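Engineer: Make a model of the complete structure from these sequences and hints.
Residue numbers (my numbering), protein chains in the order written: chain Z, 229 to 522; chain D, 26 to 464; chain C, 10 to 310.
Hints may be right or wrong, so weigh each one.
List time: in silico SDA-like cross-link candidates among lysine to any residue, alpha-carbon distance up to 20 angstroms [to be verified]:
#1 Lys132(C) to Val241(Z)
#2 Lys290(Z) to Lys434(D)
#3 Lys326(Z) to Val47(C)
#4 Lys132(C) to Ile43(C)
#5 Lys301(Z) to Ile313(Z)
#6 Lys308(D) to Gly72(C)
#7 Lys290(Z) to Gln462(D)
#8 Lys390(D) to Thr211(D)
#9 Lys175(D) to Gln165(D)
#10 Lys195(C) to Arg134(C)
#11 Lys301(Z) to Leu373(Z)
#12 Lys284(D) to Gly385(Z)
#13 Lys146(D) to Gln276(Z)
#14 Lys434(D) to Ser291(Z)
#15 Lys132(C) to Phe292(Z)
#16 Lys434(D) to Asn468(Z)
#17 Lys434(D) to Phe292(Z)
#18 Lys434(D) to Ser288(Z)
#19 Lys290(Z) to Pro453(D)
#20 Lys146(D) to Tyr368(D)
#21 Lys326(Z) to Ile43(C)
In short, the hints are calculated from the structure, not lab data.
Computed from a prediction, not measured in an experiment: that's the story for all the values here.
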Amino acid sequence: METMLRDRRAVLVFVGPALLVYSLIVLVPIVWSLGYTLFEGNVIGGFQFVGLHNYAFLFSDKSFWQAFLFTVKYAVVVTIGQVGIGLLLALLYAFYLKKSSPLIRTLAFFPVVLPTVAVSQLFKKIFEIVPQYGLVNSLLHLVHLDAWIQPWLGQGGSAFWAIVIMDIWRSMGFYGVLLFAGLVDIPSDILESARVDGASGWRLVRYVVLPLLTPILFSSFIFSINGTLKVFDSILALTNGGPGQVTTPLTLDMFNTAFANGQYGYGSTIATALAIMSLFVTLLIFRSARSDVA
Amino acid sequence: MAFTEEIESGHLNRRQFLQVAAGTTLSLSALLAACGGSSTGSNSNTAAIEFLSVQQPNIGWPLVLSTITNQYAKNHPGTTFKTDFIAQGNLNQQVQLLAGQGALPVLYNSPPPDLMAQLTKNGEVLDLESTFQQLGVSQQVVPAAFAIVKKIFNGKFIALPFELNIEGFWYNKQIFAQNGLQPPDTWDQLVQIAASLQQKGIQPLSASGQQGWPITRLISGYLFRKLGPGALDSVKSGQAKLTDPSYVEAAQVVANLGKQGYFGRGVATLDYQSAVNLFLQGKAAMFYMGSWELRDYTTPSVNMIGSNNVGFFPFPNVTGGVGSSSQTPMNAGQTTSVNKAKYNAAVGGWLAYMAQNYGDVALQKEGAVTGFVVHNPPANLDPLTSLVINQIKQVSQPVLWFEAEFSTKATNISQQDAAPLVTGAMSPNDFMSAVQQAL
Amino acid sequence: MSQTLTGRRDEAKTSFGELEAKRRGPARNLLARIPIWVLIGLLLVIEVYPLLWLLLSSFKTTGEFSTGVFWSLPAGLNWQNYVLAWTSGMSTYFLNSILAVFPSLFLVLLLSLAASFGLEVMKWRGNNIVLLAFLAGIMIPAQLVLLPLFTIYFQAGLINTRWALIITYTAFTLPLSVFLMAGFFKGVPRGVIEAAVLDGANMYQVFFRVALPMVANGLVTIALVNFFFLWNDLLFSLTFISDDSLRTIQTGLLNFTGQYGQVDWGPTFAAASLAVFPTLIVYLILNQQVIKGLTAGSVKG
Numbered sequence: 229m230e231t232m233l234r235d236r237r238a239v240l241v242f243v244g245p246a247l248l249v250y251s252l253i254v255l256v257p258i259v260w261s262l263g264y265t266l267f268e269g270n271v272i273g274g275f276q277f278v279g280l281h282n283y284a285f286l287f288s289d290k291s292f293w294q295a296f297l298f299t300v301k302y303a304v305v306v307t308i309g310q311v312g313i314g315l316l317l318a319l320l321y322a323f324y325l326k327k328s329s330p331l332i333r334t335l336a337f338f339p340v341v342l343p344t345v346a347v348s349q350l351f352k353k354i355f356e357i358v359p360q361y362g363l364v365n366s367l368l369h370l371v372h373l374d375a376w377i378q379p380w381l382g383q384g385g386s387a388f389w390a391i392v393i394m395d396i397w398r399s400m401g402f403y404g405v406l407l408f409a410g411l412v413d414i415p416s417d418i419l420e421s422a423r424v425d426g427a428s429g430w431r432l433v434r435y436v437v438l439p440l441l442t443p444i445l446f447s448s449f450i451f452s453i454n455g456t457l458k459v460f461d462s463i464l465a466l467t468n469g470g471p472g473q474v475t476t477p478l479t480l481d482m483f484n485t486a487f488a489n490g491q492y493g494y495g496s497t498i499a500t501a502l503a504i505m506s507l508f509v510t511l512l513i514f515r516s517a518r519s520d521v522a
Numbered sequence: 026m027a028f029t030e031e032i033e034s035g036h037l038n039r040r041q042f043l044q045v046a047a048g049t050t051l052s053l054s055a056l057l058a059a060c061g062g063s064s065t066g067s068n069s070n071t072a073a074i075e076f077l078s079v080q081q082p083n084i085g086w087p088l089v090l091s092t093i094t095n096q097y098a099k100n101h102p103g104t105t106f107k108t109d110f111i112a113q114g115n116l117n118q119q120v121q122l123l124a125g126q127g128a129l130p131v132l133y134n135s136p137p138p139d140l141m142a143q144l145t146k147n148g149e150v151l152d153l154e155s156t157f158q159q160l161g162v163s164q165q166v167v168p169a170a171f172a173i174v175k176k177i178f179n180g181k182f183i184a185l186p187f188e189l190n191i192e193g194f195w196y197n198k199q200i201f202a203q204n205g206l207q208p209p210d211t212w213d214q215l216v217q218i219a220a221s222l223q224q225k226g227i228q229p230l231s232a233s234g235q236q237g238w239p240i241t242r243l244i245s246g247y248l249f250r251k252l253g254p255g256a257l258d259s260v261k262s263g264q265a266k267l268t269d270p271s272y273v274e275a276a277q278v279v280a281n282l283g284k285q286g287y288f289g290r291g292v293a294t295l296d297y298q299s300a301v302n303l304f305l306q307g308k309a310a311m312f313y314m315g316s317w318e319l320r321d322y323t324t325p326s327v328n329m330i331g332s333n334n335v336g337f338f339p340f341p342n343v344t345g346g347v348g349s350s351s352q353t354p355m356n357a358g359q360t361t362s363v364n365k366a367k368y369n370a371a372v373g374g375w376l377a378y379m380a381q382n383y384g385d386v387a388l389q390k391e392g393a394v395t396g397f398v399v400h401n402p403p404a405n406l407d408p409l410t411s412l413v414i415n416q417i418k419q420v421s422q423p424v425l426w427f428e429a430e431f432s433t434k435a436t437n438i439s440q441q442d443a444a445p446l447v448t449g450a451m452s453p454n455d456f457m458s459a460v461q462q463a464l
Numbered sequence: 010m011s012q013t014l015t016g017r018r019d020e021a022k023t024s025f026g027e028l029e030a031k032r033r034g035p036a037r038n039l040l041a042r043i044p045i046w047v048l049i050g051l052l053l054v055i056e057v058y059p060l061l062w063l064l065l066s067s068f069k070t071t072g073e074f075s076t077g078v079f080w081s082l083p084a085g086l087n088w089q090n091y092v093l094a095w096t097s098g099m100s101t102y103f104l105n106s107i108l109a110v111f112p113s114l115f116l117v118l119l120l121s122l123a124a125s126f127g128l129e130v131m132k133w134r135g136n137n138i139v140l141l142a143f144l145a146g147i148m149i150p151a152q153l154v155l156l157p158l159f160t161i162y163f164q165a166g167l168i169n170t171r172w173a174l175i176i177t178y179t180a181f182t183l184p185l186s187v188f189l190m191a192g193f194f195k196g197v198p199r200g201v202i203e204a205a206v207l208d209g210a211n212m213y214q215v216f217f218r219v220a221l222p223m224v225a226n227g228l229v230t231i232a233l234v235n236f237f238f239l240w241n242d243l244l245f246s247l248t249f250i251s252d253d254s255l256r257t258i259q260t261g262l263l264n265f266t267g268q269y270g271q272v273d274w275g276p277t278f279a280a281a282s283l284a285v286f287p288t289l290i291v292y293l294i295l296n297q298q299v300i301k302g303l304t305a306g307s308v309k310g
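Structural biologist: Below is the structure:
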């Protein structure tokens, strides 16, 4: 039986195709992309070797750093929001809802599966000011808070929050369910004994529940940061990086550099920077999780 | 699940499995080969004209061209015309893609000059000047259009001027009359008019910040009046920089308009059609735009204020400036180029016929003014169309627009940053230096 | 872990809630529940209202958008918007999405099944390295490989073909699928495999007749996870497809415009509603599995 399991030919047949496709389409292009960072040009005009020029330019490029800061700000705020609200939802599901819990969970989850462009177009209308007031401005008008009516998507600051609200709305149900799964794993006898010791309500959550949830919380943080650093769809469809380039994340900056400006080399450089950042942050969180658990 | 059941019940041994795999691979490759090809152009006898266009098939240039093709096909059966729609924002990318694969159609909306230069090198741009001479239709192009296209594309006539537009301020005559206002002669007067309208709660100007270029047109307009028609040529040649104080001043005055709120609050996200509607529904008093908008002005369902209510005044003079208002910003709209690689005698026949008839058909069908000569002007022209035609005749020297001579990257930056400029999020200095850096 | 997210665990949790309630006593119970109900109501409104509004607005005419008020009900059921949305593109976009996503799903299921069987069940040197290589792929930002991929497809003449999408989709869903599937294979007891071998089966027969049926449930989970990821893909379809007749739903929606970026709100919302339906239907029918699948993908990461 052992020889069968070691049958080289069979292994090739099984693993070969997947590995081939994966290498050709994912692994090779990664190396290729790093190669691109040393060139400039595009498929039409051809490529020229420029050495480390792209990297040098990266350091002085204002629009890159603007996108970088925006991406970091966005990732931090949305992660805290998503996971935080998700946690609150999970606590709600676990401790306060009985029969309705599955229904509410299902309802809160479903924005996660909707096409991002459709959701963004919806939110564009929600924040609209011209030609007619969208939901937010209409509500403000209704409660006579007209002074607060403003072009939410036309200003950098408020546009940021509009994007944040939209993305948190979209994903909070996801994290709610994720963390709920972690909550139900907590053995009820632990909670019982803590209860007997006098802990209840908020203190129970803080000193008993949260520590037990830590592994799954860290998983959620990592997953969320990874996803938010690479945000693309929702921002493209809602503001297209505007007004100006104020809400442009690194992914969109890279996309525009490569396809709108025809600079594949510099675009690859930005993508590389993004990948490094992603890796770095993930390792960082991983490290601190390890040290906490250890 | 059916898949696995089938495998289980049917006795698929290894040989059969490999056969299936081989068969699948073969058919996949066949499909790959089939899908990889591109559409062919016309054969040498009949012309199959394909047009990569940012306008939908049932309006504008595609509509006129298909009408012309139908007429042409009566004597040249088998001639066909097809439009491939591409959104304006994707035009550059699509042209590059298709060009690289040798699949660029015989007619395509022209990308910016720097890209056109690359395409010319690859043999995908037909020199229309010599072609028209050969076809004997050189006289069909309006001289002003000829000059404009050559100016945009570095002295070469490589694009068809399906539009010939002037730009200026369109204003709501009724609003002006009701408030005792006269069209301004100078920029300062324009600002005063805006101020008094604003005070009365009427939005003075409508402009699409989402598009950006309606705002940057104001910058170039001011530059041409202040510094003369060569203002942007100097930037291109390097004699002047956009960051020079005299240039920044232009950005400043436009930013001031925004600061005072003359564009309304939603300017940054206002899309093109909504900006048009603001004007045509009487909610904004003035609208800087090109005469391609005639199509909307002459459509009653869109133009709710009525075409006799729409007036025109050219970009005003700037006190102390060397330009004059007879130096009208003109353009040929989004032009169309011909793919040299797909050009042959059949296409040439169609092209000649098209050149002879475009002016008339466009005027008839769309009320549009084009860069092609009109032979039989219709008797009862819409007054606005007549106005535009007259204005064109009065132009002493056409000038282009802000991004006309910029690189693609600088154009993108300029159009993207126009909205922050007028909302005050970006200073005029920063705006000009961002564009200058990208030139 | 999410795999234990079953009804029984729910009960264990709710008993805790009940204990809590008993402690408070009946009257205080009701009062304590009011803010909860308010909270739930708020949650429902926040979650559901935007979509309800989307549906209602899809029936409005363009005029109603410019001149009406945000929450006004549509004047009538303007089905014209849906007809316009369907005929001016949505039908094509739907077809293209289906033709791009389902073949990819089929391919990735096939390939990941085979690969994880080879990686998990069979013994050979280097299987850990290969597995690790697949895992690394889960973290990779698509942007990093976008440009070289574009060049590869461009040189191969695959830009603006469905194959560009199918190949890309398959390759990018492989890492997670292999990972998840390997997990499922871990759960297949070796004893069953041994028994099959002793009965004279070769490796392929073991694969098809023994291992595959045992992870069949996993197939559904993986298919669902990948379905949503692929159906809602924007980046790849935006990059590789610019021909309007090959656009998928997301890029089609983005481009519901005229020459200068105008947006026709009525039909756009109708199009958005149409885009939302399939995912909604899949979700409503299979919601428990969808939730399980999507969360399994992340927790194990």
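Engineer: Each hint needs a verdict: does it hold in this structure or not?
Structural biologist: Cross-check of the supplied hints:
Distance restraint check for lysine 132(C) and valine 241(Z): the Cα-Cα separation of roughly 14 angstroms lies within the 20 angstroms cut-off, and the hinted pair is therefore satisfied. For a cut-off of 20 angstroms, the pair hint linking lysine 290(Z) to lysine 434(D) stands: about 15 angstroms separates their Cα positions. The suggested pairing of lysine 326(Z) with valine 47(C) holds, with an alpha-carbon distance near 16 angstroms, which does not exceed 20 angstroms. Straight-line distance between C-alpha atoms of lysine 132(C) and isoleucine 43(C) comes to about 59 angstroms, which puts the hinted pair past the 20 angstroms bound.
With a C-alpha separation of about 18 angstroms, the suggested pairing of lysine 301(Z) with isoleucine 313(Z) holds against the 20 angstroms cut-off. Taking the CA atoms of lysine 308(D) and glycine 72(C), the gap is near 15 angstroms; set against the 20 angstroms cutoff, the hint holds. In summary, the hint linking lysine 290(Z) to glutamine 462(D) is supported, as the alpha carbons are separated by about 11 angstroms, within the 20 angstroms threshold. Taking the CA atoms of lysine 390(D) and threonine 211(D), the gap is about 37 angstroms. The hint is violated against a cut of 20 angstroms.
Between lysine 175(D) and glutamine 165(D) the CA atoms are separated by roughly 16 angstroms; this keeps the pair inside 20 angstroms, and the hint holds. With a C-alpha separation of about 18 angstroms, the suggested pairing of lysine 195(C) with arginine 134(C) holds against the 20 angstroms cut-off. A distance of roughly 29 angstroms separates the Cα atoms of lysine 301(Z) and leucine 373(Z); the hinted pair therefore is violated under the 20 angstroms criterion. Using a Cα cut-off of 20 angstroms, the hinted pair lysine 284(D) and glycine 385(Z) holds, with the two alpha carbons roughly 17 angstroms apart.
Pair hint lysine 146(D) plus glutamine 276(Z) holds up; C-alpha atoms about 17 angstroms apart against a cutoff of 20 angstroms. Proposed proximity of lysine 434(D) and serine 291(Z) is supported: the alpha carbons are some 13 angstroms apart, at most 20 angstroms. This hinted pair does not check out: lysine 132(C) and phenylalanine 292(Z) have alpha carbons roughly 47 angstroms apart, beyond 20 angstroms. The suggested pairing of lysine 434(D) with asparagine 468(Z) holds, with an alpha-carbon distance near 16 angstroms, which does not exceed 20 angstroms.
Annotation: proposed proximity of lysine 434(D) to phenylalanine 292(Z) holds, straight-line Cα distance about 15 angstroms (limit 20 angstroms). Between the alpha carbons of lysine 434(D) and serine 288(Z) the distance comes to roughly 17 angstroms, so the proposed pair stays at or under 20 angstroms and holds. Taking the CA atoms of lysine 290(Z) and proline 453(D), the gap is about 17 angstroms. The hint holds against a cut of 20 angstroms. Between the alpha carbons of lysine 146(D) and tyrosine 368(D) the distance comes to roughly 16 angstroms, so the proposed pair stays at or under 20 angstroms and holds.
This hinted pair checks out: lysine 326(Z) and isoleucine 43(C) have alpha carbons roughly 15 angstroms apart, not beyond 20 angstroms.
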